[in-house]
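**Q** Here the structure of chain A is known, so what remains is to put chain B in place on it, guided by the hints.
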Amino acid sequence: MSQRLKLTKWLVVLVVLHCIVVGAGFFAPYNPVEQDREHPYLPPMRVHLMDAQNHFHLRPFFHPLRLRTGSFDQYEEDTTSAVPLRFFTRGAAYRLLGLVPSRLHLFGSTDARIYLLGSDAYGRDQLSRILYGGQVSLLAGLLGAGVTLFLGALIGMAAGYFGGWRDELLMRVAELFLALPWLYLLFALRAFLPLAVSPIQAFLLVVAVIGMVGWARPARLVRGVVLSVKERDFVRAARGFGGSDIYLLRRHILPETASVLLTQAVILVPQFVLAEMTLSFLGLGVPEPMSSWGNLLASLQQYSVLVSYWWMYLPALAIVPFFLGYLGLASALQQRTSPYKIEEQSGWNPS
Amino acid sequence: MRKLRSSSQRCRFSVSLLLACVSTFAPPAKCLPQPQQANAKEELLTLPGEIGRSGGRLVISLRSEPKTLNPLIAADTPSREVIGAMQADLVHINRATQLTEPALAKSWKISADGLQYTLTLRQGLRFSDGHPLDADDVLFTYRVYLDENVHATQRDLLIVGGKPITVRKIDPQTLVFQFAKPYGVEERLFDGWAILPRHLLEKPYQEGKLGQLWTPSTPPNEWAGLGPFRLKEFVAGQKLVLERNPYYWKTDANGNRLPYLDELIFLFVPSADAQVLRFQSGETDIITRLSADNFSVLSRQQRNFTMADAGPGLEYNFLFFNLNSLGEKSSADFTRKQKWFRDVRFRQAISAAVDRDAIVRLVYQGRGAALWGPVTPGNRRWVNSSIPHPSRSLEHARALLKDAGFSWSSASNGELTLLDPDGKPVEFSILTSSSNADRTKMAALLQDDLKQLGMHVQVVPLEFRSLIDRVTQTKEYDACILGLASFDADPNSDLNVWLSSGGTHLWNPSQSHPSTPWEAEIDRLMEQQLATPGYGQRKKLYDRVQEILAENQPMIFLASPDILVGAKNSIGNIHPAVLEPYVLWNVEQLYLRNGAENAAR
Chain A
0 MSQRLKLTKW LVVLVVLHCI VVGAGFFAPY NPVEQDREHP YLPPMRVHLM DAQNHFHLRP
60 FFHPLRLRTG SFDQYEEDTT SAVPLRFFTR GAAYRLLGLV PSRLHLFGST DARIYLLGSD
120 AYGRDQLSRI LYGGQVSLLA GLLGAGVTLF LGALIGMAAG YFGGWRDELL MRVAELFLAL
180 PWLYLLFALR AFLPLAVSPI QAFLLVVAVI GMVGWARPAR LVRGVVLSVK ERDFVRAARG
240 FGGSDIYLLR RHILPETASV LLTQAVILVP QFVLAEMTLS FLGLGVPEPM SSWGNLLASL
300 QQYSVLVSYW WMYLPALAIV PFFLGYLGLA SALQQRTSPY KIEEQSGWNP S
Chain B
0 MRKLRSSSQR CRFSVSLLLA CVSTFAPPAK CLPQPQQANA KEELLTLPGE IGRSGGRLVI
60 SLRSEPKTLN PLIAADTPSR EVIGAMQADL VHINRATQLT EPALAKSWKI SADGLQYTLT
120 LRQGLRFSDG HPLDADDVLF TYRVYLDENV HATQRDLLIV GGKPITVRKI DPQTLVFQFA
180 KPYGVEERLF DGWAILPRHL LEKPYQEGKL GQLWTPSTPP NEWAGLGPFR LKEFVAGQKL
240 VLERNPYYWK TDANGNRLPY LDELIFLFVP SADAQVLRFQ SGETDIITRL SADNFSVLSR
300 QQRNFTMADA GPGLEYNFLF FNLNSLGEKS SADFTRKQKW FRDVRFRQAI SAAVDRDAIV
360 RLVYQGRGAA LWGPVTPGNR RWVNSSIPHP SRSLEHARAL LKDAGFSWSS ASNGELTLLD
420 PDGKPVEFSI LTSSSNADRT KMAALLQDDL KQLGMHVQVV PLEFRSLIDR VTQTKEYDAC
480 ILGLASFDAD PNSDLNVWLS SGGTHLWNPS QSHPSTPWEA EIDRLMEQQL ATPGYGQRKK
540 LYDRVQEILA ENQPMIFLAS PDILVGAKNS IGNIHPAVLE PYVLWNVEQL YLRNGAENAA
600 R
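From first to last, the protein sequence lines stand for chains A and B. For the first sequence, numbering that gives the first Met the number 0 gives the first residue as 0, with consecutive numbering after it. For the second sequence, numbering that gives the first Met the number 0 gives the first residue as 0, with consecutive numbering after it.
Bound-form chain B, shown alone:
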């Protein structure tokens, strides 16, 4: 399934982390059994949770080959998923609790004015090639991310209040991050920034070759990271093999150094159906990003694997209309259509006529949630639960249309036709991505829903790239069904969608001035929450944004699919989360149960 990502620069990699809510630290003095020569002092992170068994390998399928292993430029999902298992960040968001936890930084302090963040690194950590990590690596990392010539995909996120953040080193373990303005996301900012090895990358950086570095075919000795696994082998078109990082900085409660697995193998399996077949035949151990149809096929015949429904994820699907100001380019016919689309009552009427329950039932086989706003029930911290959930009402829709000056004429065969205030029939087309069976189905349901209002809708399935081109570049479309999936639960990950200047403000992207008062208000609220510290205040502001969106319906929110995964019973510590990477977020804790336990099942 292809998804339009919420914004291109939002390419977060994710590093596996804690299983439970609270992290505990190993007392620095305690001596841990180590596979390698012991360092003077290693401040390792101890994870609670089931104690596993070392050894074994896990095979997982990826939709395509990762384009790069370079966290600076990775933008595609497979690259992000692989990098997530190979790299680590300073502060990490626990995918299960959706809260931050210490990672490479063992602690952090935010100054009273919210402008200074002091982070303390763990002592004695080493990269996967054995080279020690210190504050200079972090300084180097952020210098590279902020360098305009590197074109790091996430660079925009480090520009706060129009100025890039600055990083200072206090001592080899302590760093100070200075912001120009208070930053609402606080320490969540640090999630997803892979700390890079200066000893390997400084030279190529000075030569300006950083962008071409670390392709998947890089020799393993030219690569180093801080994640649970390190590069072992890459076979183009077939697989990527990662091996256990012996220097990884986490242990389980018994003091065994993580990860448990010796190898992690990513197979490149291009189609969703082929992935299902591989999983069924036992070639792969874990399957994620399952569609509801395939999920029920697998559920029906589960033998040595278990299927799990982790609940609604962050993906929201919606219908939106072309509200761009096209000026002279617009044809008379299209100007007339836009007159309807711009009328909020028209959009509200469509929203009232949509049978969201049917979408959840028929498209997601009940494994999803109906939506009336952009934040899904899966995003527990940010969803505004006071947004009304009106049930489907054709009467209400008709009343709204009548109020907006529309009328109906009935043909001889009893078919109703909705006429606009000028007496022209209401007809428009909806684009969907032809490769996405779910959204094509939604469009077919919508078509039938709207026919009952007398609207004649044509569904046009288009190849995904040309669809995006029409929506964002040529702007030649009436309406379109798309889905967005944020990588983080925080509202900032959707900044590009809600700001009227954003490139993913789909119904009217990249405006120089907000074209409606409510868009202006959303702009103001989003900017305000960006600079407001503290969850409570930000939540209030974002709640208001959700209310405005639900009222004005620039997007008619439809439904959100559940995160559906499957794993072999022999794998321990599987705790699927609704945030990416749904299953691999705690990859260092995954282990293979021993033979006796397998037989017992």
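So that you can see chain A by itself, here it is in the shape it has in the complex:
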């Protein structure tokens, strides 16, 4: 029971987080590529409920920022004007899920722009960029994991089921892939591809590159499962009744690999999100002005940004709940399928 509860808990966390990212258009107050050239590197604004006279206001408000006198890059709150925060306002146009056109935003303001997480070098809203960037990074991670698992399952099953020289060949290639330093492999692959590509192409390239590299580990796991399953009695029986290879693989062997594949998927997704971030961080991912968690962090390569604008680190924090969610889910899944399962459920503890 507690296993199931844990699993559900992590699943709910992940679903909520993903919904926020999928609904970035609604949750983000602004268009992520819109530049506000008067306000570069604006620090995060504070939302107030109490005013200077300690009066409580039901509607939250914020003070716009202005340059501190005599300074080029230091801002302070302009307490002379209080701008109310409005909820469910109409703002920049977006398409929910890329389909439903809408202008509705969770919050915003009509009189001044609000930067809850500050702005970047071009005055773009950091919160909006993190939310939209999540779409790119997470989708790249999910699709990349999908490609990898598909390849891994296919190759693993082929190697395990057919055996012989095919097994030898495929597993040696897999070992080669495992031994390769994957980051440099990613670089090499990306370097072969054309330079000027549209954002969509660049994204698909990143997904393909990530997906192609990681298949070796799931392939080996699947092969191991297939090797043991194909000797089991029900498989032999099915073969005895004249089941073809394809039938046996599909009907009897593939379902047995499901738990391995599922656990792998949950482990691979955050890994691949990180891979996408690495590529983007180094300028090989989706091009500007599109954002992804990696290229949001890219500006931290400059010393001046590193020491001056702490809110540029925030995209790095954004990945923490996602990673916790995925890893929590992975451990819950693992517990469910691990050999200790029976003992724990029966309340018997060997130690």
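Nothing false has been slipped in among the hints.
Quick partial rundown of chain A residues pointing at chain B, CB under 10 Å, derived from the structure:
id: 1; residue: E33
id: 2; residue: Q34
id: 3; residue: P39
id: 4; residue: Q73
id: 5; residue: Y121
id: 6; residue: V196
id: 7; residue: S197
id: 8; residue: P198
id: 9; residue: P286
id: 10; residue: P288
id: 11; residue: S298
id: 12; residue: Y302
id: 13; residue: S303
id: 14; residue: L305
id: 15; residue: S307
Restraint-style ranges between C-beta atoms, simulated for each label pair:
id: 16; chain 1: A; residue 1: L226; chain 2: B; residue 2: S329; range: 56 to 64 Å
id: 17; chain 1: B; residue 1: Y534; chain 2: A; residue 2: F191; range: 49 to 57 Å
id: 18; chain 1: B; residue 1: G365; chain 2: A; residue 2: S101; range: 34 to 42 Å
id: 19; chain 1: B; residue 1: E462; chain 2: A; residue 2: Q270; range: 23 to 31 Å
Think of the hints as simulated: they come from the structure by calculation, not from any bench. Yeah, the Cβ is synthetic: ideal placement off N, Cα and C, and Gly gets one too.
**A** The following block gives chain B in isolation, referenced to the frame of chain A:
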């Protein structure tokens, strides 16, 4: 930051010189207190300015190890910077006033026809190893520079009117330089030609080994120069140590022989950020070539150092389009793009749509100047201030595009797309150097500016070498953002950029015939100013060149960064200039204040 230099042969070294505008000479008869055994007669140069205190050392970081200490073949910035502190020239350009001043030559005369220059050397000067200097060293120096087999990087500059200049010796102190044609730059020509020691180099020259000579690891006794400092020690990958040249030929107003400092140490610190950290921690005393971001980081926490903004330098950044005639190599797609790029109205529209103020504000944090022509406001003598500075106008840009036959279509999501006269969408890519954060930022701003005209621009950051290869060799690009920085304020330093036959004529380099009438006119004007003596006449011709460039926009000029430097408060006589080497130009006058003054601060 990497920069494309205006031309490879323009590798000038710079020798530190006078602080103020006027130089005065020590009367020959006056006996000066000398650290070494007194010579019969030494005509030293007396510099005005703050009197310093002898002793101490200065530590400066260099971006990389100097490739060579040989002024003949030095082309990279670190080599030039180091050689500048070790060598001297006949006539020198004062980096602060941008005017010429006597150096090794105490005076010069130009004949009425402008073909003969008579230079008189100072008497009693010695190389850093104590060997005396005379006219034969100068003769030898120019023979070597002009020798084709030596492959001196600056050799082209000594070919005037298709013929190399000739040098004759009249007596041990007097030389005559003969030109085939009058030469517009006049005595500025002599700046940057290090006078070489014949007694050390003649033998290797005859053996044809001159090119391999004087690497940084040369033993100090095989090296000699006329600059304020001489070679002491080189530690590969770490540092180069220079020591005071006891025979240096300048004194301060009190007659103390310069330089004040005992040692000058160059540390090799490969990244700009690491240089900032070293400066912050006090390991280095001076920092130059700062980016605006790092400058403001340092300004915010300045304690025992002072940051200075010397104003716009000579670097100009610009966007240019691929206007090469590619012939059969060109794809149909690219030919269509070139049709837009070649239309002057298209280029003018882009220029009108560029938000230059935003570039200055966001890229240079206000520490820079917007540009509408190639000559920056920092180049006071040559800038054509009558070039119009139109403010950003999208309406004007749209009117120009409409006039050129472009039209707009709007997609369902309200996004505008610019269509060319054939109804195809206008899309192109802009290359930038991935190692240059400033230009990458400019590209991102341009991308957004042009989106408002309905142009879909992709920014492609490329490694610098492959970018240059694409621009100058394979010519596979649409548009590119680059910056050029001249080493001298004189228009001749950009000859290679404006002449249609020049290798740095970036938008269409090395043409055999100018492909447009305005390029032909620029060629004619540049050739003409080359042969016109006198600043006034040349200025008029160069003003016209700037006008033509501003009108035809082969390059869309964007902005010029300020020269930003920092130095410890304990260093005296710091007067940053906008010409290279921004701080070290008066290195012989830099000194360390004594302890009491330090404590008082």
